[in-house]
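Let's have the full structure, built from the sequences with the hints guiding it.
Number of protein chains: 4
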Amino acid sequence: MKPTIRVTIWNEYRHETTKPNVQELYPQGMHGAIAAGLIGDFAIRTATLEEPEHGLSEVVLAETDVLIWWGHVAHKEVSDAIVDRVASRVLQGMGLIALHSSHYAKVFRKLMGTSCSLLYRDEGEKERLWVTAPSHPIAEGIPPYFELAHEEMYGEFFDIPSPDEVVFTSWFEGGNVFRSGCCFHRGQGKIFYFRPGHELYPTYHDTNVLRVISNAVRWAAPVQREPLRFGKSVPALEPIRAMYK
Amino acid sequence: MKPTIRVTIWNEYRHETTKPNVQELYPQGMHGAIAAGLIGDFAIRTATLEEPEHGLSEVVLAETDVLIWWGHVAHKEVSDAIVDRVASRVLQGMGLIALHSSHYAKVFRKLMGTSCSLLYRDEGEKERLWVTAPSHPIAEGIPPYFELAHEEMYGEFFDIPSPDEVVFTSWFEGGNVFRSGCCFHRGQGKIFYFRPGHELYPTYHDTNVLRVISNAVRWAAPVQREPLRFGKSVPALEPIRAMYK
Amino acid sequence: MKPTIRVTIWNEYRHETTKPNVQELYPQGMHGAIAAGLIGDFAIRTATLEEPEHGLSEVVLAETDVLIWWGHVAHKEVSDAIVDRVASRVLQGMGLIALHSSHYAKVFRKLMGTSCSLLYRDEGEKERLWVTAPSHPIAEGIPPYFELAHEEMYGEFFDIPSPDEVVFTSWFEGGNVFRSGCCFHRGQGKIFYFRPGHELYPTYHDTNVLRVISNAVRWAAPVQREPLRFGKSVPALEPIRAMYK
Amino acid sequence: MKPTIRVTIWNEYRHETTKPNVQELYPQGMHGAIAAGLIGDFAIRTATLEEPEHGLSEVVLAETDVLIWWGHVAHKEVSDAIVDRVASRVLQGMGLIALHSSHYAKVFRKLMGTSCSLLYRDEGEKERLWVTAPSHPIAEGIPPYFELAHEEMYGEFFDIPSPDEVVFTSWFEGGNVFRSGCCFHRGQGKIFYFRPGHELYPTYHDTNVLRVISNAVRWAAPVQREPLRFGKSVPALEPIRAMYK
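Residue numbers (our numbering), protein chains in the order written: chain A, 684 to 928; chain B, 684 to 928; chain C, 684 to 928; chain D, 684 to 928.
Keep in mind that the hints are not guaranteed to be accurate.
Note that identical chains are pooled: a pair holds if it fits in a single copy or bridges any two copies.
For lysine-lysine, the following BS3-like pairs were computed, each having C-alpha atoms within a straight-line distance of at most 27 Å [said to hold, decoys possible]:
| id | residue 1 | residue 2 |
| --- | --- | --- |
| 1 | Lys809 | Lys915 |
| 2 | Lys789 | Lys759 |
| 3 | Lys702 | Lys793 |
| 4 | Lys928 | Lys685 |
| 5 | Lys928 | Lys789 |
| 6 | Lys702 | Lys928 |
| 7 | Lys789 | Lys915 |
| 8 | Lys789 | Lys702 |
| 9 | Lys809 | Lys928 |
| 10 | Lys759 | Lys685 |
| 11 | Lys759 | Lys928 |
| 12 | Lys702 | Lys759 |
| 13 | Lys685 | Lys789 |
Quick caveat, the hints were computed from the structure, so don't treat them as lab data.
This is the structure in structure tokens:
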């Protein structure tokens, strides 16, 4: 039987504390809304930028199976040491779910190796997310498409490595498309980028959005294996016959 | 008709200047051997670590379609500014061919986002490279497999992102396997990692090895397109009907 | 230097001979329009359903590097023997470009192994094709997006295997998205599916469409290698020490 | 909580009834050995070639979440109608695990669309399977590599579509390599090909082999979604403004 998955939801928690309209939408922060909305056998904690070590101490990360990340205006305030710590943990097996503007989070860019740039426009237009990988566990329980009445637009070209799977592809009212649900395997860890979630809209109260994130947590939870070992010369497993000179 | 491809071969050029047995194998450096052995409509120059800006000035890179890279003991001596410059050029379209121990080159690790670690062993064992993507242009003219009588072993797990194509898979006498020819698309650029090429062996005099690198240069040459443009809000291409609140 | 690529353009050639509005758009057939519009070092011939062996004799296929296919209402009239012949040639290295309604062509379905179903709607709506693989040679010379003022809609979920690369993703006025330019490697051959091309619209007179098909011909041309050999037991390349019982 | 997974293990069951040495290894058939060795919350039944409808009636398939398949000498005796039935169910969501010589099973070839050919040799040599996708759930609990003392060799090039993930890569004593654990997504279903399992060796009594198959059952179990709907024209979700002529 699968153990309880330990989830840490990280939020820079800046818009909610400075903009009244965001505060009204997310009185407990977006991390609070997500924590309240996830459905599954999860043990959830939250962490924010202003906490010591951004709430992501070695201990917290060691006890985290899947880390959810939301950042936007304060990417630069995240310390490089914490970024390195999180990235290392992902390569060792911790799942990472990067939400919306976290495409530009230091840790996501570091793990992708590309600019992670994209086109954008915030006019509150309609987004329709189509399932383009119906056999994928992140699509479980999701209809062929679902709509968000108002969202910021993110458009292609999205400068990421070719995802291992593209679970959702978005249609935008203003004429753009986007790979909105992207899976990556890195080291012993898994990464899911999920596009929706501009702070001005009630996206993290949407049933389908919360279901996708819940599914993604299950998908991204670590497989149980011994740690990867590297960095030293290994003996031969079979006899080597020919010597060079 | 395709234009001449401008190739820059970069080598840290350290072993050849310090170890007599390497110098004997590669009197002109490994970069010299590769430059002499490439076959195609190429305009070739070379660059080395000790040159100003490591020989990779803005001008040189602007005039480079495909950069070949060999580094090993001096990865740390490569300046971060040059690494950033090279990585940017790759995302803008310049091809990159990373050879052998360059799996640990700063620029390769930066573009991959993973540790790029692997198992290794230098006992001069036999390597046999099998073609596992026979429709790929990098496999053109290559038999179903070819052998290198003596090579350093690199073994799985190789901590890279899932390659977009795996053109070669190696069998090693000592009992290991390795994804030896790996293609990646990053931004507007293409990257090929090719495993063989330990400095102690005459690998860069091997016909098949040189043919693979020549094919890879053609494959990695930039497609001609306008530069990617990012980083600013874009207007809607279609009317947006519903306003939020 | 690359040799001239021998292209055969196959068309069921039914709509053009039965519907006046299609005949007006394509007086030489869609195959004729494509033949006239391709740009490159190509030796082009055409073939149609009504010819003996549908114009695809062993000799013709043996002299074909890349086969372009357009079919729609007469998929069932294509003989299974010819389908098998074409599929075999693809696995042996011949490129295949399947256009528009050829997603349902017997040979495409056979090579995909899936239903190749999709959603569709013919209301002559606007299609906008976004480049989602800017480093791919099929995107050479193509702007970040291009539009077709009127097209039939094809929408996701498109029941194909995950493409090896998705070069174009379409936005449709009526609210759908589609993976419109899909690359597949099969055996020693390459396959490109390109979505646009409903017979009622002047799609095959569009500059960007013709450029994409021209690029795809170059991409799909066979690499020069010895034929794949299978189906017989092979001797060991290395000594086998332990015998079973 | 995940429901019990309903597994059907299909075996042609020919070698075990005709060859004493195979019968000795697998007195209950290979299907029996696998049924006894799977570990998980599974409801298992078996089916064999000689049963009516090969034991794969509509009812049985409707009640099957994951089908395991072993065939070799009697591929041709499997009726095309049953093959079509199984393939359809896979596209609708049923998982399929194809073992060893089932690379040539009609249903596997149909779903792959390629020849599924490979090199082979039966000299009972050593096989060592390396994990090349350590974050994949099928690798759970598996060490970095495991060995089978005696197996038939299958070697590259293996003529399959590029797998969506390659979980294992095999080293063979006789000098070959092979992609031994291959994942494919097709329609709403998932397919896993797993190489080991020649009838002459005790492979299906091996702990790691049984663990891999158990993991694969969990991975291949269907996601719960409404069935894919195709084949009819769909209305526009958004207004279409411009009419063609």
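Comparing the hints with the structure gives:
no.: 1; hint: Lys809 <-> Lys915; verdict: between (53 Å within a copy, 20 Å between copies)
no.: 2; hint: Lys789 <-> Lys759; verdict: both (8 Å within a copy, 22 Å between copies)
no.: 3; hint: Lys702 <-> Lys793; verdict: neither (29 Å within a copy, 36 Å between copies)
no.: 4; hint: Lys928 <-> Lys685; verdict: neither (55 Å within a copy, 41 Å between copies)
no.: 5; hint: Lys928 <-> Lys789; verdict: neither (49 Å within a copy, 33 Å between copies)
no.: 6; hint: Lys702 <-> Lys928; verdict: between (73 Å within a copy, 16 Å between copies)
no.: 7; hint: Lys789 <-> Lys915; verdict: between (29 Å within a copy, 19 Å between copies)
no.: 8; hint: Lys789 <-> Lys702; verdict: within (24 Å within a copy, 41 Å between copies)
no.: 9; hint: Lys809 <-> Lys928; verdict: between (69 Å within a copy, 13 Å between copies)
no.: 10; hint: Lys759 <-> Lys685; verdict: neither (37 Å within a copy, 41 Å between copies)
no.: 11; hint: Lys759 <-> Lys928; verdict: neither (55 Å within a copy, 31 Å between copies)
no.: 12; hint: Lys702 <-> Lys759; verdict: within (20 Å within a copy, 45 Å between copies)
no.: 13; hint: Lys685 <-> Lys789; verdict: neither (32 Å within a copy, 36 Å between copies)
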